[in-house]
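Q: Chain A is already provided as a structure; the job is to place chain B on it using the hints.
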Amino acid sequence: MKRPSSNARAGWTLIEISLAVLLVAGVMGKAGLVMNSALDLASDETASMHYEDQARRTIDRIALAVMGSDRGTLLPQIEEVHSSSLRYSFSLGLEDGEVVWSAPEQIHLDDSRTQVQWRENPDAAGERKVVWTDLVSPLLEGELINGVDDNQNGLVDEDGLSFALEGERVIIRLTLRRPEVGGRTVQQTVESIVTCRN
Amino acid sequence: MLLPRALRPPRAGFTFVELAVVMTILLVALLIFSSTMSGVAQQRAVNRENAVAMEAARNWLEILRSEAFSAVFASYNSDPSDDPNGPGTAPGNRFEVAELSPAPDSPDGLQGEIVFPTMTIPVDGLQLREDVIERGLGLPRDLSGDGVIDDRDHSLDYFILPVQVRVRWRGKSGTRQYQIATQLCHFNKA
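First to last, the protein sequences are chains A and B.
Okay, so the first sequence: first residue is 1 according to my numbering, each after it adds one.
Okay, so the second sequence: first residue is 1001 according to my numbering, each after it adds one.
Hints may contain errors.
Claimed, not checked - Think about it this way: if two alpha-carbon atoms lie no more than 20 Å apart in a straight line, the pair counts; the simulated EDC-like pairs of lysine to aspartate or glutamate are:
1) B/K1172 to A/D44
2) A/K30 to A/D40
3) A/K129 to A/D110
4) B/K1172 to B/E1096
5) B/K1172 to B/E1099
6) B/K1172 to A/E45
As the list claims (entries may be wrong) - Output of the computed footprint for chain B on chain A, the stretches with three or more beta carbons under 8 Å from beta carbons of chain B:
7) 34-41
8) 90-102
Keep in mind the hints are simulated off the structure, nothing from the lab.
Given the structure is predicted, the values throughout are model-derived calculations rather than measurements.
Ideal Cβ placement from N, Cα and C applies to all residues, glycine included.
In isolation and in its complexed conformation, chain A is listed as follows (with noise of 0.2 Å):
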């Protein structure tokens, strides 16, 4: 009786399964790879539009308190100087054909420099004190403490929230930052300009 050929077997053999195994992990870790730089800036992304949000909202805040306010109440006035702090009165109504004045308030960066604090009646009996905000940069975005305008936006040296005076106009500016896992830092910058409405 005649016997069949070995050849006729089926299965691979040890180099097929050597070179199918490598390819496989080589395509797997490629694939892991790329997963990873994917999620990794999609986590970076995440964080930084949380902060942008963020400091959008607390900008908002700060815009529709001196939106209401009257031009000459500000302090300080100097326009072409920058100042980290602003004092307001905002328009409660009319009352008898004149104007109602709120309690004076303060919008300030703290003594921290990081946090953004509102504050109504500041340095009197009543005062109350809001955080809005304590992610705030110590600098702008793009500023060094050299004495130069780093930046390029006209003021020198500017903090992490900045007011800056332009005829009826206060433009605010304000940077967010904070360090994230593996060192990398997400910062983020927004600008507003108002105009004084009472």
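A: Frame of chain A; chain B shown alone:
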């Protein structure tokens, strides 16, 4: 001697077809994942563009609001010859939004434009008109406060000034536009 096929024990391992199916499923999963990620990234970019355009438009409206009311039209229209401090001295009707790329059809590489209800008359030049049909600005309407919609130039006696701030840019998903309209009034600070 070989056993008949039916009596042979089942052989362990994957067939080529099984492996191919698994690889295909993995590949499809990867493609779905990567397309989802890229879609999310694109949506974020679009949201960011919107926020930048909106902020720029709002800022320019505030700039217009802060100007002397009677000089707004002359300072921010497209005609440099009527600028209050001499021809070519006012900002004009175009502005830059640095964080956005200009649209391909931008005539000067700028992204922003301020639009008033105007008409260009061959001899007289640019006129502020009440009889322009411009729904986005609420026209036609009385701008001078005399209760009549006429066909005269009201650039020197307007009481209400409709204005539209438009930002047009080349975005991640093609050419895009954001516009905001309001009416400036004489009883604002002049």
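Q: Hint by hint, note whether the structure agrees.
A: Now for the hints, and whether the structure bears them out:
1. Taking the CA atoms of B/K1172 and A/D44, the gap is near 19 Å; set against the 20 Å cutoff, the hint holds.
2. With a C-alpha separation of about 15 Å, the suggested pair A/K30 and A/D40 falls inside the 20 Å cut-off, and the hint holds.
3. Distance restraint check for A/K129 and A/D110: the Cα-Cα separation of roughly 11 Å lies within the 20 Å cut-off, and the hinted pair is therefore satisfied.
4. With a C-alpha separation of about 19 Å, the suggested pair B/K1172 and B/E1096 falls inside the 20 Å cut-off, and the hint holds.
5. For the hint pairing B/K1172 with B/E1099, the CA-to-CA distance comes to about 13 Å; that is within 20 Å, so the pair holds.
6. At most 20 Å may separate the alpha-carbon atoms for a hinted pair to count; B/K1172 and A/E45 meet this at roughly 16 Å.
7. Only residues whose C-beta sits within less than 8 Å of a C-beta in chain B count toward coverage, and the region 34-41 of chain A has 4 of them, enough to reach three; the restraint holds.
8. Taking a C-beta to C-beta cut-off of 8 Å, the region 90-102 of chain A contributes 0 residues in contact with chain B, too few for the three needed, and the coverage statement is violated.
Going through the hint list in order, the structure does not satisfy hint 8, though it satisfies all others.
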